[in-house]
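Asks: Chains as they are written, first to last, in UniProt numbering: chain A, 1 to 347; chain B, 1 to 184.
One thing to keep in mind: the hints can contain errors.
Here are the computed distance ranges between Cβ atoms for each label pair [said to hold, decoys possible]:
1. Glu146(B) x Ser341(A): 35 to 45 angstroms
2. Ser59(A) x Ala61(B): 25 to 35 angstroms
3. His281(A) x Ala51(B): 51 to 61 angstroms
To give a feel for the contact side, a few chain A residues facing chain B, derived at Cβ under 7 angstroms [claimed, not checked]:
4. Ala13
5. Ala55
6. Gly241
7. Gly306
Hints listed in this document are in silico derivations from the structure and should not be mistaken for laboratory results.
Virtual Cβ for every residue (Gly too), placed ideally from N, Cα, C.
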Amino acid sequence: MVLRQADIEQHAAYWIERMHGPAVDSETAARFDQWIGADPRHIESFSRLSALWNAGALSRALATCCARNDNNPSEAGAVFPRTRKDLRAALTALRRTSAGRPRVLARRVSRAPAATMTAAGIAAVVALIFCFPLLRGALVQEAVYSTRTGQERIVTLPDGSSVHLGGATRLFARITPWSRSVSMKQGMAFFDIAHERLRSFEVHANASQIRVLGTAFDVELLARNAQQVRVYRGLVQVEDGGNSWHLPRGSGLFLSGTLLQRRDGLEGDRPDWLDGWYDAHDTPLSSILERLNRISPQQVVLAQPGLGELRLSGRLRVSDPHELLDIICAAEGLRWQRNGSRIVLSR
Amino acid sequence: MERCCDVIGGGAAAGHPVVDWQGTHAALVRYLLARRVTKDLAEDIAQETIARLVVISRSQAIASVFALAFRIANNLLVDQARLHSRSTAGLDEDMVCDAPSLDRVLDSQKAFEVFQRCLNRMPPLRREVLVRRRLQHQSCRSIGEELSLSDKAVEKHISRALDDLRRGMTRAGLDPAGWNQQWY
Chain A
1 MVLRQADIEQ HAAYWIERMH GPAVDSETAA RFDQWIGADP RHIESFSRLS
51 ALWNAGALSR ALATCCARND NNPSEAGAVF PRTRKDLRAA LTALRRTSAG
101 RPRVLARRVS RAPAATMTAA GIAAVVALIF CFPLLRGALV QEAVYSTRTG
151 QERIVTLPDG SSVHLGGATR LFARITPWSR SVSMKQGMAF FDIAHERLRS
201 FEVHANASQI RVLGTAFDVE LLARNAQQVR VYRGLVQVED GGNSWHLPRG
251 SGLFLSGTLL QRRDGLEGDR PDWLDGWYDA HDTPLSSILE RLNRISPQQV
301 VLAQPGLGEL RLSGRLRVSD PHELLDIICA AEGLRWQRNG SRIVLSR
Chain B
1 MERCCDVIGG GAAAGHPVVD WQGTHAALVR YLLARRVTKD LAEDIAQETI
51 ARLVVISRSQ AIASVFALAF RIANNLLVDQ ARLHSRSTAG LDEDMVCDAP
101 SLDRVLDSQK AFEVFQRCLN RMPPLRREVL VRRRLQHQSC RSIGEELSLS
151 DKAVEKHISR ALDDLRRGMT RAGLDPAGWN QQWY
């Protein structure tokens, strides 16, 4: 009896495939009607499988697995790049595209004969002293860069450093012959700093200063004065409230009031968000939503603030907000619904 | 049912084979009840489906009455679900409906999770075929050509994939085959 039912289900699966095709020839159609008419259980089985085949959740699940496979074309469909190993594979492919220019710049500077350098330096200093008031306007380059929600932007600063701004980000850059600094007001940005031996690069984010010579790192400002710094190349010094930390490549720091969290073992040479991902490591839902809300045209809010404390781990695709919400809901037993121009996440 | 009798005559006169509308109606009700909608709703949708089928059958030959009937019923179910969700917007779902229909269960977060798990475990080729067929609406033939598979092999992959998904649902307790099972 059990076997019989399994047979029916198999036949039903066959018919689902056949009858959802674009064109069904009359012979097949007649056979289908015959099969349906033969046993009431055929109808029931076909009905349930039909619901399964048409299920919206199946579309979403397929879209998720499909997108992940696209991300890793060398293993088309073989592995879901969810693990660290896959992340590394995905990032290796991208490695070629970044970090070329800063090294070239550094080499160009060091190749100049030392004497010429010194002479040029003295001349520059002398010129500066005499012409300072006149030159100030020409030498000091200041600019505000910003992005809207969902927008990204890559800017090249006058010193050759590049800054990749994430969504809803605002920063102020000031480059002078003797200093390079950026003040971040909000959002997140990935800095690929052109190496210079004398002129350091500083990022002011909230109350802390991040000082570097030539590295790649990203900074994310979060609610309640929290922030995160992650280093992908070189060495970064972070100062906050009289304390100072040195972060080598592959490490990160999460600062929130008095709470401090060090992170090690970061892989790749650029942040997850540049490729639309979020690598969560026991990360509070509220932080993930902050990231999502920099991208999502519909702002996602929590029905109960306490939900923001839920912790998630894993590799999440932020570039598709609905899919991300599906995954969060599946993992935490929540649900989401549209409410006007917003999306509400609730238990 | 009187209307149906008219139609049988009409159909025969137009040279099409006589359709057993009563049988079709019964099949439709069974089809809908398998989706665990209420008896009243099943009757309503079956009735409406038959009415539409009758109109269609007057102007053209229907290759498969059941296939068309089920498709119309599916659409009506979707419409009905939309109407229902609008009219109950703001109310707690659990308060409104204590035995969700199969379609609602299969659209839930839990089902999404189960589908994902099943897809993860599926052989990559089978998953690839399913994605192309179900998500990208590619024909079996073009899938076969692109993946160097015979039409038969593509069909086999899809019915196996469906079977995998159905079993996954059964294992997770969202069993479409468990019509005797108590939900919640």
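Asks: Next step is simple, just say for each hint if it's right about the structure.
Replies: To see whether the hints hold, each was checked on the structure:
1. Glu146(B) x Ser341(A): 35 to 45 angstroms: holds, 41 angstroms
2. Ser59(A) x Ala61(B): 25 to 35 angstroms: At roughly 32 angstroms between Cβ atoms, Ala61(B) and Ser59(A) fall inside 25 to 35 angstroms, so the hint holds.
3. His281(A) x Ala51(B): 51 to 61 angstroms: holds, 58 angstroms
4. Ala13: Constraint on Ala13(A) satisfied, holds at 4 angstroms.
5. Ala55: holds, 4 angstroms
6. Gly241: With a minimum Cβ separation of about 42 angstroms from chain B (threshold 7 angstroms), the hint on Gly241(A) is violated.
7. Gly306: Violated, about 19 angstroms.
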